[in-house]
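**Student:** Here's the letter readout for the chains.
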Amino acid sequence: MDVLGFTILIPILPFYAEHFGASPTTIGAIYATLAVCSLLSSPFWGRLSDRIGRKGVLIAAQVAGLLGFSLLAAGTALWTIFVARGIEGLGGGGLGVTQAYVTDVTRPSERARAFGLVGATFGFGFLIGPALASVLVRYGYQVPFWVAAALAG
Amino acid sequence: MLLPESKGAVKTAPTLAEIRASLRSPVLGRLILTQFAFALAFTSWVTAFALFAERVVGFGAPQTANTFILSSIVAIVVQLWFIGRLVDRFGEGRIAIAGLACAVCAYAGVGFVTAPLMLFGFIVLWSLSSALIRPALGALVSEAAPADQRGTILSVNDSFNYLAFLISPFLSTTVLRINPHLTGIVPTLFAAVALLLGYRLFVAPRPQPVVETA
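As given, the protein sequences belong to chains A and B, one line each in that order. Residue numbers for the first sequence follow this note's numbering, beginning at 27 and rising by one. Residue numbers for the second sequence follow this note's numbering, beginning at 4 and rising by one.
If you're looking for bench data, these hints aren't it; they were derived computationally from the structure. It should be emphasised that the depicted structure is a prediction, and the values quoted were computed from it without experimental measurement. The reader is advised that the hints may include incorrect statements.
To give an idea of the chain A side of the interface with chain B (calculated C-beta under 7 Å), a few residues [stated by the list, open to error]:
hint, residue
1, G72
2, R73
3, A100
4, G142
5, A159
Residues from chain A shown here face chain B by an in silico Cβ test under 7 Å; the list is partial [said to hold, decoys possible]:
hint, residue
6, F41
7, Y57
8, A126
9, P134
10, G145
11, L153
12, P156
13, S160
Computed footprint of chain A on chain B; a stretch qualifies when at least three of its residues, placed anywhere within it, have a C-beta under 8 Å from a C-beta of chain A [stated by the list, open to error]:
hint, region
14, 67–80
15, 85–99
16, 136–146
17, 181–191
Built from N, CA and C at the ideal position, the CB exists for glycine as well.
My request is simple: use the sequences and hints to build the entire structure.
**Tutor:** If you want it as structure tokens, here you go:
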């Protein structure tokens, strides 16, 4: 679901931001907002998952995705895009913890195959997300984001 | 199969000093650095792609979406059916090198794109490269991480991916504004660095200790 939300965003976000008057540099800053928040929060979530287990941390990441996508869809100005991406980023313990989970339950000789399956999941996300986005965007820029929020929830 | 949740909480979590020591170990540190260079290449391409395709071949949102669909099909096929067999035969290191070599070619070729069909060709090569690199490097990092620090270390590795997302969009969009046809330069340089790092880690012969004779 995390990947699906991300892939719905990719083809639309630059145009959505341009709709609010964003320049290419501002679009870069929007991507960077998620990165800064995730950069800071990810090691915290990873360490927490070493202490309390992976499940709770993965659920927290989904909740952050739900909130972020909802705000993105409801946004009426450029700053709401920045805030939405920030919320999603602060809950961004998803991938590292998912990989740790996969590593926990596989033997070393199976790891590359297992990581391949995780990668294929990403591939399905990239397959379904943009396709969904290209259909949904015809009904307005906000619609794909509401769908992404529903999937995260 | 015993799920991690069944194990209960770890009683003594690793200290920050232990985690720091793990990250400074030669193999793990270099693996994360290689992954970081690859992530810089990947993110600088992905974040600039929609605007690049719009300016160079006139794509809108639907066409951009279709391009990602094509790349996803390639990635799924490779990662579902081929990566396991390839790694069994050649090992993770060599597969990562092959993927990085494909990535350099794909990013370098983008500069010569003048028509959608050419773009699709390079997108297929780019997808193939990512499908080879991610599982191979991911498996190597996870194997190098101590069991009680996996969550932390894989998340730190993930953080480097986010750091790449922080750095590379500014670089690629700046180049895009100067000349859209030069957009591929940034990911090409980063992929070349990753290839060099990977080559030194996986392929280049390591110096043997000198045996002193009396």
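**Student:** Compare the structure with each hint and give your call.
**Tutor:** Verification of the supplied hints:
1. G72: 2 Å, holds
2. R73: Hint on R73 (chain A): holds, closest Cβ of chain B at ~5 Å, below 7 Å.
3. A100: With a closest approach of 21 Å, the A100 (chain A) hint is violated.
4. G142: At about 4 Å, which falls below the 7 Å cut-off, the nearest Cβ of chain B leaves the hint on G142 (chain A) intact, so it holds.
5. A159: 6 Å, holds
6. F41: Holds. Min distance 6 Å.
7. Y57: Holds: closest Cβ of chain B sits about 5 Å from Y57 (chain A), inside 7 Å.
8. A126: Hint holds; A126 (chain A) Cβ to chain B Cβ min 4 Å, cut 7 Å.
9. P134: 5 Å, holds
10. G145: Status holds, d = 4 Å.
11. L153: Cβ of L153 (chain A) sits 4 Å from chain B, so the hint holds.
12. P156: P156 (chain A) check passes; min Cβ-Cβ to chain B is 3 Å, inside 7 Å.
13. S160: Result: holds, 4 Å to nearest chain B Cβ.
14. 67–80: holds (count 10)
15. 85–99: With 5 residues close enough to chain A, the hint holds.
16. 136–146: holds (count 7)
17. 181–191: violated (count 0)
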